[in-house]
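> Sequence:
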Amino acid sequence: MGSLEVYCQRARERGMDGAKLIDPHSIVTADWVRMKCQFGCPGYGERLSCPPHAPGPEVTRRVLDSYGKALLVHHQLGQGRKAKEFNGTIVRLETEIFLDGYYKAWSMGSGPCRLCKECNLTGTCKHSYEARPSMEACGIDVFKAARDNGFPIEVVRNHEETRNIYGIILIE
0 MGSLEVYCQR
10 ARERGMDGAK
20 LIDPHSIVTA
30 DWVRMKCQFG
40 CPGYGERLSC
50 PPHAPGPEVT
60 RRVLDSYGKA
70 LLVHHQLGQG
80 RKAKEFNGTI
90 VRLETEIFLD
100 GYYKAWSMGS
110 GPCRLCKECN
120 LTGTCKHSYE
130 ARPSMEACGI
140 DVFKAARDNG
150 FPIEVVRNHE
160 ETRNIYGIIL
170 IE
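Numbering that gives the first Met the number 0 puts the first residue of the sequence shown at 0, with every later residue one more than the last.
Read the hints as simulated data drawn from the structure, not as lab findings. In this text, a Cβ means the ideal position worked out from N, Cα and C, and glycines have one as well. Just so you know, not all the hints are guaranteed correct.
Stated by the list, open to error - Computed beta-carbon distance windows for the label pairs:
no. : residue 1 : residue 2 : range
1   : V5        : G122      : 17 to 27 Å
2   : T94       : D16       : 20 to 30 Å
3   : E12       : K68       : 16 to 26 Å
4   : C40       : E153      : 13 to 23 Å
5   : V154      : S25       : 20 to 30 Å
6   : V5        : P51       : 34 to 44 Å
7   : V5        : E45       : 35 to 45 Å
8   : T123      : L98       : 36 to 46 Å
9   : T94       : L20       : 27 to 37 Å
What the hints assert, rightly or not - Using 27 Å as the maximum straight-line C-alpha spacing, the simulated DSSO-like pairs for lysine-lysine come out as follows:
no. : residue 1 : residue 2
10  : K125      : K103
11  : K68       : K116
12  : K19       : K68
13  : K143      : K103
Model the full assembly from the supplied sequences, consistent with the hints where possible.
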């Protein structure tokens with residue numbers, strides 16, 4: 000196991016627009032984030048990786064506090080770039096970090112899981128090796144995390160505007 004900075008470079012090599020090692024204790028969790036999922040997202044409750052099934056802010060806070068480092072990964076959507084590809088890249092990088100000896104490596108992506116056309120809410124996840132909840136589903140203030148770490152993020156007003164999305168890989 001060497002310097003964790005190598006994973007920032009590997010994220011960029013996989014087409015990410017930026018990656019930075021941050022202190023997971025600096026990440027803000029809040030109840031209002033999940034309320035925006037419940038009262039603002041048409042997909043609320045339709046995926047095992049979304050609220051109310053995803054871990055809440057209290058659990059997320061305890062998980063974040065049990066790690067020493069986090070890799071915050073930035074990607075711009077638009078011009079053919081898709082969120083599903085982003086989340087897959089995050090999970091593949093998490094797996095690589097795990098195989099490099101960081102046995103606690105675990106990640107969160109962006110937006111709802113898109114691995115199945117319809118999620119089986121009464122059973123177990125068919126893609127548990129690949130499916131991850133999003134940062135926002137777990138109560139993370141993604142806007143604050145991005146801005147506090149020098150990354151761009153703005154409210155998107157229409158589907159033609161470029162979106163900045165984020166994922167995180169927790170490392171110990």
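> Hints first: check each against the structure and report whether it holds.
Verification of the supplied hints:
no., hint, in the structure
1, V5 - G122: 17 to 27 Å, "38 Å, violated"
2, T94 - D16: 20 to 30 Å, "21 Å, holds"
3, E12 - K68: 16 to 26 Å, "19 Å, holds"
4, C40 - E153: 13 to 23 Å, "19 Å, holds"
5, V154 - S25: 20 to 30 Å, "22 Å, holds"
6, V5 - P51: 34 to 44 Å, "37 Å, holds"
7, V5 - E45: 35 to 45 Å, "37 Å, holds"
8, T123 - L98: 36 to 46 Å, "24 Å, violated"
9, T94 - L20: 27 to 37 Å, "18 Å, violated"
10, K125 - K103, "22 Å, holds"
11, K68 - K116, "34 Å, violated"
12, K19 - K68, "10 Å, holds"
13, K143 - K103, "25 Å, holds"
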